[in-house]
Amino acid sequence: MWNYTDKVVDHYKNPRNVGSIEDADAIGEAGSLSCGDMLKLYLKVDKNGIITDAKFQTFGCGSAVASSSILTEMVIGKHIDEARKITNKQIVDELGGLPPEKMHCSVMGHEALEAAIANYYNEEITIHNDEELVCNCFDISKSFLINEIKANSLKTLEDVINYTKAGGACGRCQGKIKDILDEINGVQQQKEEQLTKTQMIIKINNIIEKYISPELRKDGGDIELIDVEDYQIKVKLSGRCQSCNRSKLTLTHFVEATLKEHINDNIEIIQV
Amino acid sequence: MTNSRIIYLDNNATTKVDKKVVEAMLPYFSENYGNPSSMYELGGKNSKVIQESRETIKEFFGAKNAKEILFTASGSESANTAIRGILSADRSKNHLITTKVEHPCVLNLHKQLEKEGYKITYIGVNSIGEINEDELYDAVNEKTALVSCMYANNETGTIFPVEEIAEKVKSKNRNTKIFVDAVQTAGKIKLDVQNTEIDFMGISGHKFHAPKGIGALYIKSPNLITPLVIGGHQESGKRAGTENVPYIVGMAKAAQMAQDSLEYELTTVKRLRDKLETAILSKIYNARLNSSSQNRVPNTTNIGFEYVEGELILLNMNDYGICASSGSACTSGSLDPSHVLKAMGIPFTALHGSIRFSLSRYNTEEEIDFTIEKMPKIMEKLTKISPFQKELAELKRRKGLI
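Sequence lines, in order, name chains E and Z. End of the first sequence sits at 272 in my numbering; the numbers just go up one at a time, nothing left out. End of the second sequence sits at 402 in my numbering; the numbers just go up one at a time, nothing left out.
These are computed hints drawn from the structure, not numbers from a lab. For glycine and all other residues, C-beta sits at the position ideal for the given N, C-alpha and C. One thing to keep in mind: the hints can contain errors.
Said to hold, decoys possible - When the alpha-carbon atoms are kept at most 35 Å apart in a straight line, the in silico DSBU-like pairs for lysine-lysine are as follows:
#1 Lys390(Z) x Lys13(E)
#2 Lys212(Z) x Lys119(Z)
#3 Lys85(E) x Lys390(Z)
#4 Lys384(Z) x Lys44(E)
Unchecked claim - Some chain E residues near chain Z, calculated using beta-carbon distances under 8 Å:
#5 Leu33
#6 Asp37
#7 Ala169
#8 Gly221
#9 Phe254
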């Protein structure tokens with residue numbers, strides 16, 4: 001049995017604002033019958049853009065009903081542009097939390113709200129009909145996954161399944177999801193690697209110590225780091241390397257290649 | 001829980017342990033605790049106790065000889081012991097046949113064996129959950145080591161003609177072994193394994209009012225298996241580990257009581273099940289029977305409530321203390337709805353809202369009447385939340401016409 005918070009229990013037992021609004025100013029839908037959950041959200045908006053009423057109809061489990069119910073309470077009284085800022089995380093927080101496996105219920109709430117607001121502004125809802133689906137079981141596109149992964153800082157395949165359901169049925173797309181995760185989190189990793197000059201020097205010295213010097217020492221030479229300017233790395237060859245006429249070759253082929261492998265392709269070696 | 005009263009209609013999941021079973025077990029914890037393998041009387045007499053229990057379980061299976069009975073710790077262990085045991089005893093064949101609707105202990109084992117290099121044929125079922133027999137017989141070839149087929153399905157209660165299947169499979173290949181998972185039949189219909197061609201049959205104690213953690217495997221003589229658990233000489237070398245004396249005694253007691261109640265199952269339990277089923281189908285317009293097979297265990301009915309989700313139904317039933325199960329994706333943590341209902345081709349409209357009610361001889365008429373009274377109220381509340389109002393209205397209209 002799920003470990004639902006009292007608030008979740010209260011909201012599925014006594015859902016607020018159930019039903020439809022005949023003359024709704026905005027209607028948003030998310031999910032589908034075949035996927036196992038679906039939410040239809042109706043909004044009444046006054047001339048100042050304030051949401052005066054919200055109703056919902058949900059096909060789904062306890063946490064789906066609770067997410068929908070609390071969402072209606074959250075939007076009523078808000079300006080539509082304020083409501084637009086509501087995230088799925090806020091829905092979860094308002095409920096006092098959801099079991100990890102049920103996070104997708106809050107995502108569905110958020111999706112329906114987005115759809116309703118887009119409907120209010122007569123915006124083209126970005127349905128990626130022509131886009132390749134990643135998960136065929138739940139009709140989930142790559143762009144949707146990327147959005148959710150970024151919005152909720154999802155790190156693992158399990159996170160993605162819990163939040164979006166993608167990969168949670170037949171499992172055939174799990175490889176693709178991992179690739180997308182790598183793509184996104186890989187990009188972040190590169191950003192994180194904007195090192196300070198000192199950090200860069202330490203890093204380069206470590207690489208030299210571990211991979212480069214031992215090889216040069218075998219031939220009676222060595223290398224010394226002089227300065228680092230972004231990716232320009234100034235080094236000085238010493239010992240027998242200094243006089244060796246193949247030193248240029250050593251630098252470009254071996255030293256540069258090694259540093260490129262461990263840092264990145266922008267590395268440029270300058271002998272001083 | 002708002003209601004302290006419990007109406008337990010989930011007996012295919014597990015059952016309550018009969019007090020008489022507990023009583024029978026108690027002396028074997030702190031009084032007669034000896035190891036059956038020991039040479040002194042405190043232990044040695046437990047060896048006799050196990051022998052007597054084995055006789056009882058033999059009778060329960062309808063087996064010829066008590067030596068054909070192996071005690072295990074669960075239905076899952078029985079299945080794994082039989083299937084793995086057969087394959088490692090005879091490595092000349094690489095093909096297995098099973099059904100798409102087996103319990104995970106058989107289905108997932110086959111998926112594992114597939115990874116290990118075996119070829120597996122999965123046989124489907126029709127829309128009311130009956131196995132496609134011809135498809136099964138066509139799949140048998142000279143490389144077929146084993147056919148595994150459940151006796152009754154846990155979700156729908158549909159009984160498979162395992163005796164006929166065993167005969168026909170053997171007529172195509174004498175050397176193909178037959179394993180039958182009888183976990184959902186034991187205690188519900190009479191087992192009579194000795195007059196069949198079935199080689200192996202597994203049962204689990206907690207489905208017939210014995211405690212969890214005890215099961216049995218019938219191994220038709222002279223079949224051989226390689227043991228799963230290697231160690232001491234217990235269970236004739238087929239399963240190492242000191243015998244679980246109190247649980248073996250408990251399962252034997254429960255088997256005896258179940259055997260004595262078989263007639264009651266087929267009459268009273270069946271009548272109550274039918275009463276519940278008929279009432280729900282007639283009183284609730286979005287209810288549909290998922291398995292209408294005539295060949296069902298007497299305690300089970302699986303009903304789909306269209307356009308309403310199963311977990312939500314169970315949570316609302318729980319408020320009245322009514323316990324049942326759902327084939328909905330949401331109840332399992334997996335996002336996939338029941339593999340059984342999917343194999344039957346149950347429409348999406350009802351798939352996620354399918355509820356299994358499984359009775360036992362402990363259910364009373366009053367409990368069933370209470371459930372019959374509450375279910376329409378629950379469904380009236382929940383259909384109002386559904387976004388499929390138009391479709392529901394259409395169902396209501398059609399049901400009204402009929």
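Hints versus structure:
For the hint linking Lys390(Z) to Lys13(E), the alpha-carbon distance of about 24 Å falls within 35 Å, and the restraint holds. With a C-alpha separation of about 33 Å, the suggested pair Lys212(Z) and Lys119(Z) falls inside the 35 Å cut-off, and the hint holds. At most 35 Å may separate the alpha-carbon atoms for a hinted pair to count; Lys85(E) and Lys390(Z) meet this at roughly 32 Å. Between the alpha carbons of Lys384(Z) and Lys44(E) the distance comes to roughly 20 Å, so the proposed pair stays at or under 35 Å and holds.
Using the Cβ-Cβ criterion of 8 Å, the hint placing Leu33(E) at the interface with chain Z is satisfied: the shortest such distance is roughly 5 Å. Restraint check, Asp37(E) versus chain Z: the minimum CB separation of about 7 Å is within 8 Å; hint holds. For Ala169(E), the suggested interface contact is upheld, since its CB lies about 4 Å from the closest CB of chain Z, less than 8 Å. Checking Gly221(E) against chain Z: minimum C-beta separation of about 53 Å lies over 8 Å; hint violated.
For Phe254(E), the interface hint is violated, the least distance from its beta-carbon to any beta-carbon of chain Z being 44 Å, above 8 Å.
When each numbered hint is compared with the structure, violations occur for hints 8, 9.
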